[in-house]
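Q: This is what each chain is made of:
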Amino acid sequence: MIHHVLVLIRSQLRNEARAGEVATIIIPFGAVALLVIPLAIGIDTDLLARIGPGLFWVVVLLFGVIVTHRQSASVDRPQRDMLTLLGVDPAARFAATTIASTLLLLVFELAVGAITIVLYDPDLTGWGWLAVILPLVAAGLAMIGTLAASLTSGLGGRSALAPLLVAPIAIPILLGAAQATEGLRVGAGILRWVLVLAVVDVLLMLAGVLTARPLEES
Amino acid sequence: MSDWGWVAFAYTIVYGVLIGYVASLVVRTRRVRSEAARR
Amino acid sequence: MSDAPVVDVTGVALRRPNALILRDVDLRVECGEALGLFGANGSGKTTLLRILATLVRPTEGAGTVLGAPIGTPHAESVRPRIGLIGHEAALYPNLTLDENLALVSSLCIRPAMTASAALAAVGLGGAGRRRAAHCSNGMRRRAEFARMLVTQPDLLLLDEAHVGLDPEASGIVQHLVGEVVARGGGAVVVSHERERVARIVARSVVLSDGRIEPAPR
Amino acid sequence: MTKRTVEIGAFGAMIIAFAVGLAVPPDAVQGDLQRIMYVHVPSAWLAYLAFGITMIGSVVYLATGNLRWDRLAGASAEVGVVFTGLALATGLIWGKPVWGVWWTWDARLVLTAAMFFVYLAYLALRRGVDGADRRAKRSAVFGIVAALQIPVVHFSVVWWRGLHQPPTVLRPDNPQIDPPLLFALLMAVFAFTLAYAALVRRRMALATAEDSLTDAPRPDEQVAGAAVSAPQIGGGRR
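So the protein lines, in turn, are chains A, B, C and D. Each residue of the first sequence is one higher than the last, beginning at 1 in our numbering. Each residue of the second sequence is one higher than the last, beginning at 1 in our numbering. Each residue of the third sequence is one higher than the last, beginning at 1 in our numbering. Each residue of the fourth sequence is one higher than the last, beginning at 1 in our numbering.
Worth flagging that the hints you see were computed from the coordinates, not collected in a lab. Take these hints with a grain of salt, some might be off.
Stated by the list, open to error - Among chain D residues calculated to face chain C with C-beta under 7 angstroms, some are: (1) G128; (2) D130; (3) T214.
Stated by the list, open to error - Derived lysine to aspartate or glutamate pairs resembling DMTMM-like cross-links, with alpha carbons at most 25 angstroms apart: (4) D/K3 / B/E35; (5) D/K96 / D/D32; (6) D/K96 / D/D106; (7) D/K3 / D/D211; (8) D/K96 / B/E35.
Just so you know, even glycine gets a beta-carbon here, dropped at the ideal spot from N, CA and C.
Work out the full structure: start from the sequences and follow the hints.
A: So, in structure tokens, the structure goes:
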């Protein structure tokens, strides 16, 4: 099982590295979003510095969904049949796709984060905590996105439906992440918000593993 | 708008939507029934 | 392996929203038998193959595939012994043929051949470093046949086996089917090329009106 | 209880609740605007109840595979989205004269809005999937994921906005609400809940009829492939 997961992660990441969808399309798209927001709300550098982290998380949430729905993660029926017949457990497939997406989302977060720092000049007090917060957010988004992708696989209107499934469910992730960074800025405790993120991740992991089989059969 | 105006507004929306929803259920049920009868 | 038939299903029906795909299918494939399956476009051949591969649960019907009752969790245990080639290739487009085959052999419980040996056997030894997306349809089909050499299934299910194949490549189909038959397994070959199929199968049936009928001679 | 009894009871109770809500004296503090609460509170209660029922239906469906539970989940979600929408709308209408703004970032408001969108997503998913079994499985999975997340959404939103004044009704030792007004509120909750039950039953019956229309056998049923015949051009049948 673990062997299967590792093999699948490697081939998914390699597939994405060659396709380059995250690096050449999704990251630039997120960067453009960060660039146009000040054009719409005005160039008040103090204001931008204050809302920078919040905007960063919004961009991560909305554009991160695209990362989990990249072409290289979509498994068409022939590939899925092949993996099933090779005896790959649906839960192993969920785990592999989720972990691969988590790693790519981390890359996405780092790239978009760097752009946020350059454009908005936010306060970076306590940035060491990001080493905990960023992976937790990436994992949560990856799991929601992977679940949404398998829920909508093979349906018409899939590309429009998946983000609608993800966004409201991801509210605790957004709140947890945004409040944690806000807490860092004002020097308040952030443990509670890190805990929210961790709980979300654990619940999603349970849901993903337990429902992989019924989803497989549908 | 007076207080009663706001109350009337709220009640109109609530009861209007509920009546509309009941009507839509009735219409949809009828449509399915007639479709089933046609077969 | 035992002498129980490789495939033995009766009364298989499959209902999908607004359509009945299969009505009442009885099908038996003995050990060491290759069966040709014909039928018009849209008659449900692909779906029947997916049922035999335990990937689709029939609405009605019972029977066994490789000894495991279909539609039960038990059927999952025989999946690694089933090989299915559909009309679309099950390849990751951005991985090379080598990498695709290596993926299969590392997921496979007991690979019968290395990835590169299998590719060489189907005549793709020189194309191993090409990405699947850059290969022609015929090459992708050959890569799929190489996958069968790696996994060595006891039940071989070939959908539209001869589409896009040059004469040499149809020799591969003949070899694969002959091999599985010699092992005492079974094969079901779906194709529209009746002459070519007749050469490799012992018996043929037609799927028509949701039922199996003997093929007209 | 037959379907008819529930429906007639719900209808009667709604009329009584409507009349009582308009007849009771105005609230000491809020005046006549308090009357909006007689439709707002029961709608909000049903938003939660409907979601709970959807969750139960999803779990039991996945455990048993009985499509009845899936229909219950789907019906409850559809009726729930109506009441959640009404709870939001009446909340806005109450907020404008009382607070001076339509919307405030109150924890309960944000939570209700989030639930509304989760419901909408759930219904959109149901509409997108063909076939009763497939639809049931996928929507049950989403129903469970959503149900697991709702408490987390609840706590995170509450923590985000700080704790708010708890509901004032459910404290029998220290009643802060006049008996007639309390009666009007409880009557409304009772009537709306009965209406919810009647609507869910109707919706389930409709779902059963729809499923039997698409999935059940028909005498003149076409088998796959029957729609394809020999071509008219190119020499016909080989």
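Q: All hints are to be evaluated individually against the structure, with a verdict given for each.
A: Here is what the structure says about each hint:
1. Interface hint status for D/G128: violated, as the beta-carbon distance to the closest one in chain C is roughly 13 angstroms, over 7 angstroms.
2. Checking D/D130 against chain C: minimum C-beta separation of about 5 angstroms stays under 7 angstroms; hint holds.
3. Satisfaction of the interface hint for D/T214 is found here, the shortest Cβ-Cβ separation to chain C being roughly 5 angstroms, below the 7 angstroms cut-off.
4. A hinted pair counts as satisfied when its Cα atoms are at most 25 angstroms apart, and D/K3 with B/E35 qualifies at roughly 23 angstroms.
5. At roughly 14 angstroms between alpha-carbon atoms, D/K96 and D/D32 fall within 25 angstroms of each other, so this suggested pair holds.
6. Distance check on the hinted pair: D/K96 and D/D106 sit about 14 angstroms apart at the alpha-carbon level, within 25 angstroms; holds.
7. For the hint linking D/K3 to D/D211, the alpha-carbon distance of about 20 angstroms falls within 25 angstroms, and the restraint holds.
8. For a cut-off of 25 angstroms, the pair hint linking D/K96 to B/E35 is broken: about 46 angstroms separates their Cα positions.
In this structure, the earlier hints numbered 1 and 8 are contradicted, and the remaining ones agree with it.
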